[in-house]
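Peer 1: On the provided structure of chain A, position chain B with the ligands as indicated by the hints.
If you read the sequences in order, they're chains A and B. Under our numbering, the first residue of the first sequence is numbered 787, with each subsequent residue one higher. Under our numbering, the first residue of the second sequence is numbered 142, with each subsequent residue one higher.
Calculated from the structure, these hints are not laboratory results. Check each hint, because a few of them may be wrong.
Unchecked claim - Label-pair distances were calculated between CB atoms; the ranges are: (1) Asn1064(A) - Leu487(B): 36 to 42 Å; (2) Lys1030(A) - Pro176(B): 56 to 62 Å; (3) Ser941(A) - Tyr440(B): 44 to 50 Å; (4) Ile527(B) - Ser1039(A): 37 to 43 Å; (5) Ile281(B) - Asn867(A): 47 to 53 Å; (6) Ser1039(A) - Leu163(B): 47 to 53 Å; (7) Arg832(A) - Leu268(B): 28 to 34 Å; (8) Leu468(B) - Gln1029(A): 23 to 29 Å; (9) Thr507(B) - Val834(A): 26 to 32 Å; (10) Gly976(A) - Ile281(B): 39 to 45 Å.
To be verified - Below, simulated DSS-like cross-link-like pairs (lysine-lysine); rule was C-alpha separation at most 25 Å, straight line: (11) Lys172(B) - Lys410(B); (12) Lys1063(A) - Lys417(B); (13) Lys1038(A) - Lys357(B); (14) Lys403(B) - Lys417(B); (15) Lys325(B) - Lys1063(A); (16) Lys410(B) - Lys198(B); (17) Lys471(B) - Lys410(B); (18) Lys1063(A) - Lys410(B); (19) Lys987(A) - Lys879(A); (20) Lys357(B) - Lys1030(A); (21) Lys919(A) - Lys172(B); (22) Lys198(B) - Lys945(A); (23) Lys409(B) - Lys246(B).
Don't be surprised by glycine CBs; every beta carbon is placed ideally from N, CA and C.
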Amino acid sequence: MKIDRRNFFRAIGATGVSLALGDQISAASKNEESTDVFAILYDSTRCVGCQSCEYACAEAHNLPEPSESIEADIMRLTNENRRTVVNAFNTSKGEITIKHQCMHCLEPACVSACLTQAMYKTPEGPVIWRADKCMGCRYCMISCPFDAPKFEFHSPNPKIVKCDMCYQRTQQGLIPACVENCPAEAILYGKRSELLRDARKRIVESPELYNDYIYGENEAGGTGFLYLASVPFEELGFRTNIQKSSYPALSKSFLYSVPFVFVLWPTLLLGIHEATKNNHTKNIDEDE
Amino acid sequence: MNSTATYPIEKEKGSKKIWKFLLAEFKPKGKILTPFNIISVPVILVGLVIIVIRFWKGIGTVTNLTQEVPWGLWIGFDVVTGVAFAGGAYVITFMVYILNMHKYKSIVRVTVLNGFLAYVFYAGALLLDLGRPWNVINPIIGNNFGTSSVLFLVAWHFLLYMIAQLIEFSPAIAEWLGARRARKILSGMTLAAVIFGITLSTLHQSGLGALYLMAKEKIHPLWYSEFIPVMFFVSSIFAGLSMVIFEGSISHKVFFDQISDKNHHAHKKIVIGLSKICAATMFAYFFLQVLIFVHGQHYNLLNTPMGYWYLTEIIGFVFVPMLLFVLGYKRNNVLAVKIASIATILGIILNRLNVTVIGFRWDAATQYYPTWMEIVVTLTVIFTEIWIFRWVINRMPVLRESPEWAKDNH
Ligand code: SF4
Ligand code: SF4
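Next comes chain A alone, as it looks inside the complex (with noise of 0.2 Å):
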């Protein structure tokens, strides 16, 4: 599908019917020239599950502090009080903790969900949400694969809750609050290009340590949050039957085929209107 879909766009757009589709959906092909982001490479090998980073994640936030200490094989999720959480997992490698949040993908699901625009993907990297945009149709949290985005639902005035990758802080110059809290250094903060290079090196030098996988590089078409681990990531709580490419991509042709209908079927219409118009004077029932 290599034809100009932007000038073919733009053409059908002029005829004003398109109600100004064509515009965001090559936007979203940019994404794929563009993926040195702002990254994290987060290495469970060096994770000592000490929740240092949820707790600070909870301070970063204005959350309240975490309650709850890491149980193996207890698997506790994000919610609307916690950004982040840290699980542990009895392994064929024995116990591995290893820390969740939402994966800032590179083409994310729930920014091109969103309908007005409240989930957004800077071009720094981190996916953001903001409240003044929201309308909580919560139409993010069904599309998420990694079910990231947690709701308010005992809120009159709900929010959206999900890792922003620190976007105030990082904007201030500083570096992301778990980052920078981890005593044991497992998680990096870094160009995605660098990360990645940084994660295969690893790999390389002790292939003892690790499975030989970076989750995160394809999953979802990329994302950008990447892991090391020393088992599979299924023994990890990970959902395994992530797709590989895109999932924006999966409602696109739908998309597509958009103006074509507003443009063919009105004209078709139409045309049959007029075809069967002798029907009306002849008066036959058309139906027997």
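Peer 2: Below, chain B with the ligands without anything else, positioned relative to chain A:
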């Protein structure tokens, strides 16, 4: 028919008279203590209280929604299922205005009215479900167009389609008010509104399915396929028509005094005609389902509880009613058609809930099931709609014939 007596404002101009007329029309007509009123009034009152609590304390106070299943009954049933049933309006207007099948003309108005009210109330239900409804203005006035969002498309189409349906219905309002010139202008807009409306319907009926395309791994594989939009569109045809048949058979009992003898007799023919279309589209739908199933290669899933549930839906509530529709028109058996339409309606409810609620994150740790409060609010929405529907039917020429002056060459 003495139209000037029934439609008085035409002669007596002046706003005072109009107000008097409207005030008189707002008073209830007919018996007050009907079974429907006795049931619906308390439900609506309780529903209103629940709605107040919902806005005061948050959605979670009255619903069972979870972080994994953030859309429940209010979206899955009220919006997604309700809009499928409202599909009758675009199908009937297509048959009457585009295919010029005049046999069905007598049911156009009531179907369009039903469709219009369904959209008003079900879109209303959407507002109830919004956590931050005050920001609903953003995607409407163009502050923030999330144009890559299927929901954006669907929401806009709801809005535009409501306007189209209002235009389609407006001649009846003009006849009620005795506004002759307005009626003439408005009737002139019907064809354009119909064409626009059918186009919008094609897109948002399928769009409701397309909403779930990104939830690829979250919907049970027996219900997810890339063809959900097509399936939602095709099924909206027979969903809408089954509703027309079902609702028509009730209206003909409740409002029998409004319907002329001629239309009474014509109704049987209409029902049989519709059953033919239902059978044909259901066959196409069933065939597509089988294709999708074979294509998906989920044979192993059939022998699971979800598999039995799937078979119940496809065989029991698509295939069997399809046969009943065939039987109905072959034998001229209206009863068979009515039973088929009810089974089809149940089947559509099953299907939409299976995609949106039952099969959605069927593997989640905490399962979602609606609270009694969610159900009461849903009933409130439905009952209020019926109240308005009845109010309009009793006043405007919807089921009954238009006044003499409005019977043009149309
Ligand atoms: S993980 Fe979910 S919430 Fe985070 S960016 Fe990806 S789609 Fe959006
Ligand atoms: S809940 Fe808010 S952020 Fe999520 S899709 Fe709806 S409007 Fe966008």
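Peer 1: Look at each hint and say if it fits the structure.
Peer 2: Going down the list of hints, with the structure as the test:
no.	hint	verdict
1	Asn1064(A) - Leu487(B): 36 to 42 Å	40 Å, holds
2	Lys1030(A) - Pro176(B): 56 to 62 Å	58 Å, holds
3	Ser941(A) - Tyr440(B): 44 to 50 Å	46 Å, holds
4	Ile527(B) - Ser1039(A): 37 to 43 Å	39 Å, holds
5	Ile281(B) - Asn867(A): 47 to 53 Å	32 Å, violated
6	Ser1039(A) - Leu163(B): 47 to 53 Å	50 Å, holds
7	Arg832(A) - Leu268(B): 28 to 34 Å	48 Å, violated
8	Leu468(B) - Gln1029(A): 23 to 29 Å	44 Å, violated
9	Thr507(B) - Val834(A): 26 to 32 Å	30 Å, holds
10	Gly976(A) - Ile281(B): 39 to 45 Å	41 Å, holds
11	Lys172(B) - Lys410(B)	32 Å, violated
12	Lys1063(A) - Lys417(B)	23 Å, holds
13	Lys1038(A) - Lys357(B)	14 Å, holds
14	Lys403(B) - Lys417(B)	22 Å, holds
15	Lys325(B) - Lys1063(A)	21 Å, holds
16	Lys410(B) - Lys198(B)	52 Å, violated
17	Lys471(B) - Lys410(B)	12 Å, holds
18	Lys1063(A) - Lys410(B)	22 Å, holds
19	Lys987(A) - Lys879(A)	22 Å, holds
20	Lys357(B) - Lys1030(A)	12 Å, holds
21	Lys919(A) - Lys172(B)	48 Å, violated
22	Lys198(B) - Lys945(A)	14 Å, holds
23	Lys409(B) - Lys246(B)	14 Å, holds
In this structure, the earlier hints numbered 5, 7, 8, 11, 16 and 21 are contradicted, and the remaining ones agree with it.
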